[in-house]
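Chemist: The primary structure of each chain is shown beneath.
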Amino acid sequence: MKEFMLFIKSEGNPIVNFSPEQQQEHIQKVGGFIKKMMESGHMKSAQPLETEGSIVSFKNGKHIDEPFNETKEIISGYYHLMAKDLSEAIEIAKADPRFEDGDWRIEVRPVMNVDGIN
Amino acid sequence: MKNLMLCTLGLLFTLNCLSQTNSEKKAQNEFMYFVYSDGNRVTDLSSKQQQLHIQKIGAYIQNLAKTGKLKDAEPLEMEGVLIGSKKGVFTEVTLNKDKRVISGYYHILANDMAEATAIAKADPRFEEDGWEIVIRPIKKVNGIN
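Protein chains in written order, with this note's numbering: chain A, 1 to 118; chain B, 1 to 145.
There may be inaccurate statements among the hints.
SDA-like cross-link-like pairs, simulated, lysine to any residue; straight-line CA separation at most 20 Å [to be verified]: (1) A:K84 - A:H42; (2) A:K9 - B:G84; (3) A:K59 - B:P124; (4) A:K44 - B:Q49; (5) B:K140 - A:S45; (6) B:K139 - A:H26; (7) B:K139 - A:V114; (8) B:K99 - A:I74; (9) A:K2 - B:H53; (10) A:K35 - B:N145; (11) B:K139 - A:E52; (12) B:K71 - A:V114.
To give an idea of the chain A side of the interface with chain B (calculated C-beta under 10 Å), a few residues [as the list claims (entries may be wrong)]: (13) M1; (14) Q28; (15) P48; (16) V56; (17) I64; (18) F68; (19) E70; (20) I75; (21) M82; (22) L86; (23) E88; (24) A93; (25) V108; (26) V111; (27) G116.
Calculated directly from the structure, the hints in this document are not laboratory data.
Just so it is clear, CB atoms sit at the ideal spot from N, CA and C, and this is done for glycine as well.
Please construct the entire structure, taking both the sequences and the accompanying hints into account.
Modeler: Pasting the structure below:
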């Protein structure tokens, strides 16, 4: 089994205009998917993210610290998956029921094995 | 009687330590750091510089783990696929690895955004050009995490 990071992307919050009942249903569907993947040993971790944040970079000898103000596509959460290859990771991503509720995109990235890091 | 008092004091001390540990744990918030670079910054380095880069980052990660600030950290392969869906039809786009991509991540425990920012600034990768770390707090959602 190989490790993959799946970055869940959206423009704003696709379920913001849902009724409270529909939002609850969405959370239950996604929560059920996560539980199933955890139980099958395909998921190591899954977390939603707050929309705010901070950006740290380094230029001309000093750190630059800016607020994260992305208004277009942002990462709204992630899955840490175990799959036998990229194809299986893609199939798992496509089974996410969030795709039934609005425009979402998922970036699938293999974890790199580096001696001395992981 | 003396033994009983010593035992009671010992128990109180242990309980106090446990409650302090719990309150310290409660104060910790979770953050994801997404490490961005334009293409693969590391492969542009000489093999000696690559080794030095890995050693420096490895030591930084070890220190974060020792101080209880690190939950996870992984570098990512440059390739990947972006999956989208429109009206029930999936699309798959191969990522352009020469553009700005996430080349790794950290999952960090910190008291607040100020501490999270200070931890990010201590990352020795900033001794080299072309890196950016986006810090995002993890959200608590009932039924998800």
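Chemist: For each hint, tell me whether it holds in the structure or not.
Modeler: Hints, verified against the model:
no.: 1; hint: A:K84 - A:H42; result: holds (9 Å)
no.: 2; hint: A:K9 - B:G84; result: holds (9 Å)
no.: 3; hint: A:K59 - B:P124; result: holds (14 Å)
no.: 4; hint: A:K44 - B:Q49; result: violated (33 Å)
no.: 5; hint: B:K140 - A:S45; result: holds (14 Å)
no.: 6; hint: B:K139 - A:H26; result: holds (16 Å)
no.: 7; hint: B:K139 - A:V114; result: violated (29 Å)
no.: 8; hint: B:K99 - A:I74; result: holds (17 Å)
no.: 9; hint: A:K2 - B:H53; result: violated (24 Å)
no.: 10; hint: A:K35 - B:N145; result: holds (10 Å)
no.: 11; hint: B:K139 - A:E52; result: holds (10 Å)
no.: 12; hint: B:K71 - A:V114; result: holds (18 Å)
no.: 13; hint: M1; result: violated (15 Å)
no.: 14; hint: Q28; result: holds (6 Å)
no.: 15; hint: P48; result: holds (4 Å)
no.: 16; hint: V56; result: holds (4 Å)
no.: 17; hint: I64; result: holds (9 Å)
no.: 18; hint: F68; result: holds (6 Å)
no.: 19; hint: E70; result: holds (9 Å)
no.: 20; hint: I75; result: holds (7 Å)
no.: 21; hint: M82; result: violated (13 Å)
no.: 22; hint: L86; result: holds (7 Å)
no.: 23; hint: E88; result: violated (12 Å)
no.: 24; hint: A93; result: holds (5 Å)
no.: 25; hint: V108; result: holds (5 Å)
no.: 26; hint: V111; result: holds (5 Å)
no.: 27; hint: G116; result: holds (4 Å)
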